[in-house]
Structures are given as C-alpha cells and as structure tokens.
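S.K.: Here's the letter readout for the chains.
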Amino acid sequence: MHSRIQFMEELSRLHHDILSMGTRVGENLAKALEALRSGDAALADEARAGDGAVDAMQVTIEDRAAVLIATQQPVAGDLRELVAVFKLTEHLERIGDYASHLAKAAKRLAKEPYPRSLAPLESMAELEIAMIRDAVAAFLNRDSELARACALKDDEVDASHKAFLEEALDFVRENPEKAQQGMRLIRASAWLERLGDHVTNICEAVVFMVEGRHVELNE
Amino acid sequence: MRRRPLAGRVGAALSLAALAGVAAFGALSFAVSRSVYADSNRFALAESARALANLAPEAFAEPALAGAWAARAASGSGFRLTLVAADGQVIAETRADAAAMENHADRPEVGQALAGGSGWSTRRSATTGVETLYAAAPVLRGGSVVGALRLSFAAPELAARLAPFALAFLAAAALSGAAWALAARAVGKALVAPVAALAAAADDWAAGRLSRRAGRAGIPELDALAGALDGMAAELDARMRESESRGRELLSILDGMGEAVLAVDAGLRVRRLNPAARKLLITGSGTDSAGRSLLEALGSTALADLASSCVGSAEPMEGELQLYRGERRHFLVYAAPLGAPDGRVEGAVLVLNDITRLRALEQVRTDFVANVSHELRTPIQLVKGFTEALRDGAVDDPAEARRFLGIVSRHAARLEAIIDDLLSLARLEQANGDSLGIGRTKVLSPIADAVAALDSRSPGSGSRVSLECPEGLEADVNPGLLEQAALNLVDNALKYAPPDTKVELSARDEGDRLVIEVADRGPGIPSKDAERIFERFYRLDRGRSRESGGTGLGLAIVRHIALAHGGTVSVRPRAGGGSVFRLEFPLRIKDEEDHGGTDEVACAERGH
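Going down the list, the sequences are from chains A and B. Note that my numbering has the first sequence beginning at 6, numbered continuously upward. Note that my numbering has the second sequence beginning at 11, numbered continuously upward.
Some clues are possibly wrong.
What the hints assert, rightly or not - Computed Cβ-Cβ distance ranges for the label pairs, DEER-style:
#1 ALA124/A - ALA409/B: 50 to 58 Å
#2 GLY218/B - ALA124/A: 56 to 64 Å
#3 PRO509/B - ALA124/A: 27 to 35 Å
#4 ALA46/A - GLY482/B: 49 to 57 Å
#5 ALA168/A - GLY257/B: 52 to 60 Å
#6 ASP519/B - ARG178/A: 50 to 58 Å
#7 GLU259/B - ALA61/A: 44 to 52 Å
#8 ALA47/A - SER476/B: 40 to 48 Å
#9 LYS183/A - ARG413/B: 36 to 44 Å
#10 PRO408/B - MET188/A: 53 to 61 Å
#11 ARG178/A - ARG523/B: 36 to 44 Å
#12 ARG413/B - ALA47/A: 40 to 48 Å
#13 LYS183/A - ALA380/B: 44 to 52 Å
What the hints assert, rightly or not - Beyond 12 Å from chain B on every Cβ pair, some chain A residues (computed):
#14 ILE10
#15 VAL177
#16 TRP196
Don't read these hints as lab results, they were simulated from the structure. Since this is a predicted model, take the numbers as computed values, not measurements. The beta carbon of each residue, even a glycine, is placed where N, CA and C say it ideally should be.
Go ahead and model the full structure; you've got the sequences and the hints to work with.
M.R.: Put into structure tokens, the structure is as follows:
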C-alpha cells in the first residue's frame, strides 16, 4: 500500500515535468514563429537556446521513469503509462529540434526577406502550437478522445505544407537566382510538416496508453 | 436513551409533586373525618345506651315483659338492643331469639357495663355475622347493678354512610391533580419557551440572518442573556458587513484593473483571477480555468518558474517575460507570496503588467535616435572628409577640387533636406485643425502639381505616372500638404519600381472619405514591415534607399499629414506584385466650414 502511494507521488512529479517540457517546447515554437514574423534575430536565438533546456528535461524525465520501472515494477496500465512517457519525451525532443530549425530559418530570412506571403508557414506553426498543447493535455488527462481530435488537425498542417510548397516552387521558377532561398523555405515547411507527424505519434502513444491497443492516426 | 425536553421534565416533576400532595391530604382528611365520625357515632351510641339504661330497670323487674320493652325501646331506630342479666344471661334481644343466645358475660362491653362502667367495642357479631359497633351501659336499681343494656349498630351501614364522602374526596383529588398537572405543564413551558426562542435566534444568526434580534421573555436573567446575545449579533453583523463591503471594494478594484492579477496556491494551481487575467488564458481544449495548473493556463515556463521561486523563497519577485497569443506580448510581472497566519506560504499573487506598447514605443525611440544620428553623421563625415582632402592638397588639382566640392555641396544639400523634413514633421506634430489651414479644395490641382513638380525635378518621370481624378472632386484639406503627401508617395514609388513600369495615382471619394491611392510594380513590402515603414528613418534595405537619395522621412511625413487631417495611411500588397499605398481623409470637416480657408497660405508655403 505504502509503495503504491509512493508510486502515485512519483508519477505526479513526472506529470508536472512533462507538462513543463511540453510547455517549453510550445513556447520555443511560438518564439520561432514570432521571429519568423518580425525578423527578430535575438528572439530566434532565444528560441534556439531554449532547446537545450528541452533536451535536459528529456534526460531527467526518462531517468526518473526508468527508476520507477526498475523499483516499482509496474504492470498493465501503469507500465503502459511509463512506456508512453518514453515515447512522449522522445517525440517532444524531436519537435523541439524542428522548432529550433525554424528559428534558424527565421534568422536567415530576417537578412534576406522573402517577398511573398509566409502565411501558410505561419498558420502551420500556429496550429502546431495548439496541437502540442492538446497532445500533452491528452496524455496528462488520459484523454484518448482529445488525442484523436488532435491528430485530425495534422491534415490541416499537411494542406498548408502543400500550398506553401507550390507557392515556393513557383517563386523559384520565376526567380532562379533565388533558388537557394526557395530551397531553404521549402525545407522549413517540410520540417513543420514532420513536426506535425511527431505530434500525431504522441497522440498514438496516448491512445495506446489509455486503450491498450496500437492505432494508426496518420491514416 | 431518549432525552426528554426540559418543559416535560419540569411539568412531570411538578405534576407528580402536586398529585402526591393532594393524595396525602385527601387520605389524611378522609382518615380524620372517618375517625371523628366513628367517635361521634360511638359517643352517641354510648349516650343512647346510658339514657335507655335509666329506663330499663322496669324491664328487669318484670322479665316476662323484657322482650316487649326492648322492642318498644328500639322501635323506629336502626339500633339493635340487647338486655343482659347480671349473670350474663341474655334476657331480651331485638334481632334474635334471646333464649337461643349464649351467655354474653365474656363480651368486653357487657363485662365493663356489668362491672358498673360503660363499655364499647367493635367486632364481628356472633349473632348477625357482620362488623358491628357495640355500646353497653349498666342498669341500676337501688344502687346495684342488675344487668346491662347494650345497643349495637352494624358497621357496614357506617361505611355506606361514609362512601359518598370518599367518592367526593377522590373526585376532588383527581380534579385538583389534573389542574395541577396542567398548571405545572404551563409553568414548565413558560420557563423553557424563552430558552427555546434564544436557541432559534442563535440558529438564525448561524444561518447568517444577523439582523434578527432575540425576543424578551420578561424574565430578568433571561433578558440579560438575550441582551448580551443581541449585542454580540449586532457587533458580528457590523463586522461582517464591513468585511463584505471591503471584499466587494477589493474585488471591484481587481476587476477594474488593467493589469492581470492571478492567485495561485503552493502547488501552482490557479485559484482566482481577474477579468484582465482571464483574457490571457490559453483557450481551447482546456476546461475551466480555476484549479488548472499555472503552466497549463498561461503556457509560460518563465511565469511558472517565477511563481515557484516566489513560493519557495517566500520573497516578492519581479521579472519580465513574454506571452505568445498570436503575437508576442511583453509583461512586467510582480509576484508576492501569499502567507497563511502561521507564516506558512500558501501560494502567490501574480500581477502581470502588459508593457507591449511601451516596448514598441521604446523601440521606435531608440531606433529614431540611432537613425537620426546615423543619417546626420553620414553627410557630415563626407563633408568633413572631402574638405580635409581639399585642404591636404586636392585643392591644387582643379578637376579633383571641382569634383570634391560637388560632393560636399550635394551632401550639404542633403543635410539641409533632412533638417527641413525633420522640422516639417515637428510642425505637423504640433499642428491642430485651426493652425493647419484646411479649406475646401479641388483635389485635382494639388495632386497634378505634385506630378509636375516631380517631372521638373527629374525630367521624364512625369510620363511614368498615370493620374486619375474626377474634375469636380472636392475635400476639406490643406492643398499644400495634400500636394506634399502625393508627391512623397509617388516619388517613393518611382524610386523603387522598375523604370519601365507605370505608377498609378488615383483619387476618388468613397462614402464620406477621400481616398488617394498610389500603386506600383515595385518589389513589394513584407507584411512585417507594413506598419514600420511609416516610422522616421525606417528603411527596408539600408544601402539601397540611401543611394536613391531619400531622406528616410518621406513616408513619416505622409503619415503625419494624414493624421493632421484626421485620416490614415496604409500599404497593402498589390495583386500581381508591387504595393498599393492608400491615403484616406475625411471629405468634410464640419467644424472647419465657418472659418476654414483663410490662412492656407501659411503652411502651403513650406510645402517644398
């Protein structure tokens, strides 16, 4: 009985750290997005520096989850939850990397403005900030419905990616001398598209944790 | 065990006491009257016996006549009469046959009478078989006892006589007992009722109805208690009202505050927040804000860290952070620990002051100072550099000297242009409607003048501008300022658009607005710069725009001209590439109709 209480306490600390990590990743993406909009290089640097904290959080959380598995030997639901923690932190860490990449692209763009609209890129990032929040909330509240709803939004991300891709390719065709800039933007868009996939993977992990079965939310 | 109410207990005790008293009194008086009655009966019986005994000697003188005498003496009375001879032999008896009766000398009353006294006794009669009262008296003749006369009376008759009295006693006892019980109950209730009323009042107070007053029972001790309780309730009421009104005051202060205020507990969960704070919450799938974690509700790790170290250290904290809600917003945050009375930290109060606008203004100011010094220094450096070169010998080479002097003169002119523009801006900033000299003006002429002025400055440029403006279009404007605004916009467009493209200048009325638009096929303006290009010295591409000879103040002047007329200026991307600058003025300024149009020359003079 005593060890059960201890287990729950440890789990709640873990939850707090996960919320903290998710929030931090979301903030970094928001900073990168803002840097993209405003061309604020200092903010882009801040977003990239924030990724170090995210990586450190991943290590802390995973160590703690590993200790819990080793000492408490959880079974069934508890074990699934701890397994999901590993998946969650891994994907969050990758998402953090993409946010960091976006910040870097924003910094370059500040020096060499792109004459066309970045709106699809911005709306992808905007949407993903909300998706990260929902995915983490779905994990913390063991809400598989929220996870499914969140994964559905990835379609919008993909649509924005496609729209931006066509626009950027058009730009490169018309301005062959700006091909390098075009390529960089296309890559940034692809990062954001991949970022969305990682959020979807978190959602899948949440469904596995709650319902005990593997699902493919990425159609 | 059930507890009986006080009224019942007092009533029951009083009724029992009353009943016991009535019963004791009844029993005693019944016993006394019974014994008095029995005594008087015995006395009467004994006296009657003695009286009859005085007449009895004649019966004894003639024994044959004794029976008849006895019957005569007892006739009409309820007595039984017995005559006993001195030897105890019964000689006459009214209720039985005397001859059949045994010797009565052993009967106590008869014995005493034969001995010369009078006697009495109560016992069951051997003759009649019932409880009987006997009284006997001696019969004397010549001083000697010749026999005894005995009268007797059946005791049941006595009891029958007493029975109505006993019934009356019982009835009286029952009635008075019932009356007592009722009285006791009433007294009990009367005693307890004021206490119950006090209890009800206390219940009301507990339920929050503090204005209620405890009733007065007319019992001094209880009234004193009620008075004390009333005083306490009134005091409590006053304090509650005060603290309620203070709470309301604080709440309305909090609600009216522009700063966001949140209270969090030690676990950093949001407990309370004012409307300004509610606006900062992250919306979406999250449920209710109260009880949500601070991290989740506002999505800021910096804020959570600040709150956590404030709770941890129990010290007030201050910090700056950004929240991202579609745009970046800067906040100055104060965190103060919330202490429990025992000194434990229960949480923290966070006050978030939105300083985004302040930050933007600061940015504009720093940029302006940096820019103005940069813009002024560049020509001065050049003037200084080339004059030094001239002094160091270049003056001796006429061709070189001429070229250098040309540069010096160009940059001096540029400095003058910058200073002129700065002064125009300063004047526009101070201008209000009256000093501006706004009057009814045909719009076509000032904007055509602007195109002409540009053409004269750099010949051929006029043919790149297509002008579209209805002949009769009129508006309340200062024509000199309108000309300058149009000139600056068109000049700007000509500088950035490719040489082979047209710049389209058009004026029209849209409702009550005068709209002037300048459309070009230039490289366009990134949306993030769309607001800032109207700031002083703000340049999209530093090197290039300075080469083109602008002062960096043209668009700032346009904006100030628009503002002075109560209008706006904006830029939007043009379909197919390029930009559209749009000026909007009100067509009519009502207040100006009376006295406008008189001093328009004043400002028009320094138009260019």
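S.K.: All hints, please: hold or fail.
M.R.: Now the hints, each set against the structure:
no., hint, verdict
1, ALA124/A - ALA409/B: 50 to 58 Å, "56 Å, holds"
2, GLY218/B - ALA124/A: 56 to 64 Å, "58 Å, holds"
3, PRO509/B - ALA124/A: 27 to 35 Å, "31 Å, holds"
4, ALA46/A - GLY482/B: 49 to 57 Å, "52 Å, holds"
5, ALA168/A - GLY257/B: 52 to 60 Å, "54 Å, holds"
6, ASP519/B - ARG178/A: 50 to 58 Å, "42 Å, violated"
7, GLU259/B - ALA61/A: 44 to 52 Å, "47 Å, holds"
8, ALA47/A - SER476/B: 40 to 48 Å, "44 Å, holds"
9, LYS183/A - ARG413/B: 36 to 44 Å, "38 Å, holds"
10, PRO408/B - MET188/A: 53 to 61 Å, "55 Å, holds"
11, ARG178/A - ARG523/B: 36 to 44 Å, "40 Å, holds"
12, ARG413/B - ALA47/A: 40 to 48 Å, "43 Å, holds"
13, LYS183/A - ALA380/B: 44 to 52 Å, "30 Å, violated"
14, ILE10, "17 Å, holds"
15, VAL177, "16 Å, holds"
16, TRP196, "19 Å, holds"
Checked against the numbered hints given earlier, this structure breaks hints 6, 13; the rest are met.
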